[in-house]
Each structure stands twice: as C-alpha cells, then as structure tokens.
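Participant: Chains as they are written, first to last, in the working numbering: chain A, 1 to 394; chain B, 1001 to 1450.
Keep in mind the hints are simulated off the structure, nothing from the lab.
The calculated lysine to any residue pairs, modelled on SDA-like cross-linking and capped at a C-alpha distance of 20 Å, are:
#	chain 1	residue 1	chain 2	residue 2
1	A	Lys99	A	Gly204
2	A	Lys387	B	Arg1231
3	A	Lys124	A	Arg23
4	A	Lys55	A	Pro328
5	B	Lys1431	A	Asn30
6	B	Lys1442	B	Glu1409
7	A	Lys55	B	Ser1353
8	B	Lys1400	B	Phe1445
9	B	Lys1042	B	Pro1085
10	A	Lys55	B	Lys1431
11	B	Lys1400	A	Leu382
12	B	Lys1442	B	Thr1310
13	A	Lys55	B	Ser1358
14	B	Lys1400	A	Leu376
15	B	Lys1054	B	Glu1103
16	B	Lys1431	A	Gly167
17	A	Lys124	A	Tyr113
18	B	Lys1431	A	Phe59
19	B	Lys1431	A	Ala120
20	A	Lys55	A	Ala110
21	A	Lys55	B	Arg1354
22	B	Lys1400	A	Gly167
23	B	Lys1042	B	Pro1323
24	B	Lys1048	B	Arg1030
25	A	Lys387	B	Thr1407
26	B	Lys1400	A	Pro328
27	B	Lys1431	A	Val41
28	A	Lys124	A	Ala39
29	B	Lys1431	A	Arg171
30	A	Lys99	A	Thr145
31	A	Lys55	B	Met1343
32	B	Lys1007	A	Arg336
33	B	Lys1431	A	Ala39
34	B	Lys1063	B	Asp1450
35	B	Lys1400	A	Pro375
36	B	Lys1431	A	Ala44
37	B	Lys1007	A	Pro335
Chain B is faced by these chain A residues, among others (derived, beta-carbon under 7 Å):
#	residue
38	Val4
39	Ala37
40	Asp50
We put the beta carbon where it would ideally sit given N, CA and C, even for glycine.
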Amino acid sequence: MNPVRRFFDTHRHHFEPGGRLARLGFLYENIESVFFAPAAVTAAAPQVRDTLDVKRYMFLVIVALVPHYAFGVFNVGYQAHRAAGLPPEFGSVIAVGLKAVVPMVVVTYAVGYFWEALFATVRKHEISEGLFVSCALFPLTLPPTQPLWQVALGISFGIVIGKEIFGGTGRNFLNPALTGRAFLYFAYPAQTSGDAVWTLLLPGRAAPVDAFTAATPLSLAALTESGGIPQAWAEAGYDLWTLFLGLYPDAIGASSTLLCLVGALFLITVGVADWRIIAGDLLGVLGTAAAIRLLAGPGAAPYLLLDPWLHLLVGGAAFGIAYMTTDPVSAPALPRARVAYGFFIGALTVLIRVFNPAFPEGIGIAILFMNCFAPLLDELELRWRLKRRLSHVR
Amino acid sequence: MDRLHAKNGFTLRIGGRPAATLDTPAAPRRVAAVAGRLPFLKPRLAVKPGDRVKIGSLLFADKRRPELRFLSPGGGCVSAVNYGPRRRLQEVVVDLDEEEEAEEFPRLDEAGLQAIDPAELGRRIVAGGLWSLIRELPFREPPALDRRPPAVVVFLDNLEPFHPDPRVYLAGRLERLRFGLGVLERLTGRPPVVTACSGGAETIAEVAPLLSCVVAGRYPAHDPGVLLYRRLGRPEERAAWMVAGPDLLLIAEFLQEGRHPTRRVIALGGPGASPPGHLEVRLGAPLAELAAGREASGESLRYVAGGVLTGTAASADSFLALPEKALTLLPEGARPGGFLEWMLPGRRKPSYSRAFLSSWRPAASYPMDCNRHGGIRACIQCAFCARVCPVDILPQLTYKAVLAGETEEALAHGLLDCVECGLCSLVCPSKIELLQALRQAKEAFRAEMD
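Here chain A stands alone, though its shape is the one from the complex (with noise of 0.2 Å):
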C-alpha cells in the first residue's frame, strides 16, 4: 500500500465527527483530495463524466511555469554574477539564484495557501487549484530584490482582495496575482522600480562594476533620444538573441520570450490556454505600434518608431500575453469577445510604454484595465449572438 494512502487513513479517524480534529475536517480531504482523487460518483445524469477537472487543467499552467522556474533561478544568479564582474561559473550561478527565488516562492506558497485555507475553512468550501496557478505566476512577476515582508503583503492582497472577497477562484473578475504585483508596485515603488532592483547583488557589494548597465531594455527604450532603439540596446551589450532569450537584468523568470511562446503553444496545444485572446494580444501590439510608427513619420521620438515585433522581445509582454491574459477567469467568455479583450490589452500596452513615462511596463496596468472590461465585453458579444438566434417566445 502507498505510504502517504496509509498515512491518510490512520490518521482519518481524528478528522471525522467526534474526533478531536473535527473542526478541521474540511481542511484534511482538501489535502487528501490533493494527493487522491475523490471516490465520489455521479449522482444525476449524465452518468458518467469526463477525466478532466480543475485540478488537471490548473495543474498544466504550472507545467507551464517550470521551465520559466529553472531560466528564472539561472538569471538571476547570472546576472548578479555579471554585475559583480565575476565569470558566470555554473554551479555559483544556480545557487545564487536559488537562494534568491526559494524564499520568495515558498513565501507566496505560504501566506497563499494560508488565505485559501482560512476562506475554505470558514466557508465551508474546497480548496480551488486556481490558487496554486496565482502563487507560481506571482513570484515570477517580482524583481529578485525584493523584499520577502512585501512578497507576502503581495501575495496577500492579491489572493484576499483579488479574489476572495469575491468568492474565490472562479468568481474573481482580477487576476489575482497580478492584482498582488500592482499593489507592491503602487505601495512601494522603491523596491518595485526603477533601474536598480532588477539586479541581486551578491553579499558585500554596495554597487554593480562599471561594466554593468542595470538599465533594462525598457527603460533604455523609454530614454532613448536620438538614434535606434535596437543600436542603444546593443551598446548596453542586448542584442536581439539576448533579449530573445531574456539574459538580461529584469522580473525573475518573465523575460524569456523563447520560454513565453513555448508555454504558450503548449498551453493551447493542451486546449487550456484560448488562442483568440493571445492572437488578439498579438494583434493589438503589432497593430498598435505599427500605426504609431506609420502616423509618427520619420524624425519622431525613438520609441515611436520602434519596430513592432520588438515590443514582444522586451518586458514583460510576451509573459502577460502567453500566461495573465489567458487566465480564463477574468477574460471573457465568448469568443469574440476574447479576441477584443486581447487586441485592446495589446493596444494598451504599446501605449503605455510610449506614451507614459511613469510606466516602462504597460502590461501589467492594461491586462487588470481590460479585466474591468470583460463583462462588458462579453455583454456586447452576447447581445449581437441572441438578436441572431430564433427564439421559442417571442
């Protein structure tokens, strides 16, 4: 017999009526139903039902995530070691990383967990999987600086008021993790911004080495007066394969375009990631940034003229589009509707990071704008489809 099944079962008997754990019953078949499936079976028709629940489909976002994990742990010491002026030994590398993203993620695993469990307690409810998706998207939206007080804060907000308030996974209309990353970045933006906190330093270092450039591409983006974007990148040592595979100072495991358009091709392979809302993303960036480049005319700001497909290289763009937009809680539900929620979300974006100077990054800000939308959007999409559709009464 499995171990953990026979630990189950010894130790059932406190948690059911009578026993002296009573009370937390609820709690011990969430933990049980995390590791075996439920024994419950079909009490109306259909009799039977599909394999699939949410379990399943959550868990397969974290697949997901993993190689975003692994790349994230590897930068981060990458980068602290280029910032130290040491040569990237591999082994050092990763057990700076690690000892920088562990903490933060067992953290927001945590204080996540905690809130979860608090709510389902008390509201007498299951444990949803769409928590366990929240905490590993959250870390990865986080500068490696930042400190762990506020990764919990953050984590907090964002599953307390991004979601449960609301009722929990399912009838959020934020996506909560990222409702958690805008609360740290408008309660404290020194740790949040600016070019500084993207790059750990190692232990006794008060700066980077000279050769370093903290700035990230984005803000180089933003800064740039005169001359090609893609010529500044490439002076602070960018060059678009870098940037493509997202070795550069940024959130710990977002930056990687290659690892974003990989999870998201398995994610739509799998069906549970929706294709509309990432082909509207990438509709709204290209189109956007193309009209702003064809109406800008030669001579304007840098950042106007910024070849489109560049936006995707750089920030955390590509990360929201593949992972926060196509969270299928807080888009809409129609089909149409979700290739506008994507456009407009893409749209957003691209004017935010030309247009606004106080936010390098627009993504974030846009996808919990057009979150407020969906409903609204659902609703247009809604009424167009009824007033084709023949009615029994009318």
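Could you slot chain B onto chain A? The hints should help.
Facilitator: Positioned in the frame of chain A, the structure of chain B alone reads:
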C-alpha cells in the same frame, strides 16, 4: 433528400457497444408498468394488489390528462404496487399466468387506415396506452390529443451510447414501419419527416427511400431538436412532435394486431455488460433478469435505464418502462484515484479536452465508470460546454441566468432549444450539474404555462 451536417456535439468513446446480435432472455415470471421514471406523469392507480388483469388492462393513468393511460404488459395477478420517495408511484407489478389473457382492441389494416377519421385514430392509440410514446417539443412531453403539430419527426437512429441499431430492430419489420408512417400521416394530416444518421439506417436499402433527411455529425445529431433548430425557422414550427423508430413499431403493431404489444428490442450495453448485445424482451421485464448472466464480474454495477448520457439510474429490482429502449451497465467506480494520478500524462483517460495524452492517440473505446473524476468547483469559463452544445446555447452563462431566477434571459439564450443531451454536464471540468439546472428551468417554465 435533405442532408444536414449538425455542428458541435461530441461522440463519447465508451466501451460496451452492443453487437448486432439478437438474443431472447428467459421469459420473466412477472412484469411491471413503470411510472417512476416518467417525470411528466402524475399517476392515479386503477387497480389494487390481488386484482386480475389481462394484457392491455388499465393499471394507472395520469390524474390531469386521462389520455395518458398505462396498460398492463402482461396477464395475471397484480402482486405489488411499489411506491418511491414521497409516496410517488414507482411501478405496478403483475405476476404472470401460464396462459395469459389479452384485451382485444379493434384491428386496422391498410384500407382501414385510409378511411379512418384522424380523431378516431388518435383515440385508438390512447386506448392502447401508447400515446405517451409520442412526444412534443420543446418540453418532450406527450402532446395534447387535439393538437395539430407543425411537423412530425420520426428518428430511426439514436447516436447515444447505446441504443438499438436499426439494422437489428428494423429487421423483418419494414412493413410495420411503413404502416406506422402511414398512421402518423393520417393522424396529423402531413407526411412525417423521417430522419436517419449517416452510416446508420440510411445504409439499409429498403429504408433509404423512406428517408426525408440524413443527418451527419456527432452525438446528439440524431435528435429531432437539433434538426428543428437547424432547419425550421419560425418559432411555432419548433413545437413539432417526435417519435423514435422503435416506438413507432409498437404503435403500428398495436393498431394492426389489436393487442397491446408485449415485446420490443432493446440494447444491452456499457462497459459492465459482458457480452453487450441486442435483446428481444418482454415490455416491463425485471432489469435484473435482462442483465442476468451478462454482467461483467469484479465490480458493483449501476443499472442505467436508457443511454449513458440521458438515462436514469435505476435499481436492479426495477423494471423496463414503456418508452425505454436501452439498459446500460456501468461500473460504479466509487474508489479514490491513484496517488497523484492527476499529474500523470493520462494515456488511458478519455476526455473531450486535449489535457491528456489520450487525445493524441485515442483508443477506440474506454472503460468508463460513474466516478465524478474531480471535486465541484465554481465555473472557470473554459467554454467547453458552449463548444459541445448542439444548439448553440451558452450553458456557462445560461445556467447563471437560471440560478439568478432570470427566466426571460435564459429563454432568450435558447433554453427551450435545449435537447437535454447532457454533453454540457459531461465535459464540465468544474463538475457543475448544468443539465439539471437547464432541465429544471424548463420544467419550471412549463409549470408556469399551465
């Protein structure tokens, strides 16, 4: 001939398809008329235990609609009247005599059919206790006797796993089918719309000329509700009648022979049936006797009267109800999943989604059971239900309208077009009982109309 390609839908890859064999189980010693699984019925008893009845004697009828008569499927002595929860009549059991007597009804031949008054024809079907085999859309209840439907749809195929194969149940009964179609034409004053599914009844050479429409597509493409949704424009045209092919044979047999029919062909299928196949059975036979000797060993089985998706769980002590054409045996599956099984690639997990490896190399069939396969969650808007819905309802939004009591909104969504196929509940990863919600809303609206 009209050809229609039905959109959406989903074909369940479940094991236990009945072979095209036809066996006859041992004759039962008792039969019953079942009321419990007919949701539209409010029965009033006409007999009491100990009464002698013949084949075709009245056992019970509906309180409000006396045309819904249910006659004894056998001759003998009423041995039990069984009640279910809230003292709802379940069934009236008749112990059979060695030599059964039968009530005699007037016979009808081809010439008589051409001459008979349509109202009289309707009254004969009512007298024979078979009016409940005709159903009216959208509520799928027996129609009022005096109503003239805009159309009558006779569907010969049923794609739900598993229903009788027309190649089996029509074999040697083609004349009877033609007579039945003539009956419907006489009764309603218009030729019935006869439908089959591509690859189904249309492949029978003698049947093909009778067809008016062949529907291609996945389950539930056979359902007349899908045809009406796709083909007929005006709302009033959708209040059509529907009759299943096997049921039409019963009506025709009764009118031709002048006796309440006693036998029909059913499909015995599902992963718990070994071997699955077709059976020619007594109407009202005990379910346990139908499955006797053909139950897969090893696990407790659930008896489902009807198909896998729309059928009702029934006790093994129950009996075959008049409109039921299938008995499905499903393993109960009431055991927890394996250790972290949900993380595995899932080569043997049947799913509508592409979330398991099985989607890439699907097996011909899977041994499915009644396990729910997951906990109940809030809707996550995966939109699978909207993608399988054959009549373009958006169940993920409609059920919210239903739960909020917004009947008007649910109706505008197409609630009444719902063919109650069960696919939305089947595919839901949050295990929401969408079919139940939509069905109950339809019933509540129906009750409002009275």
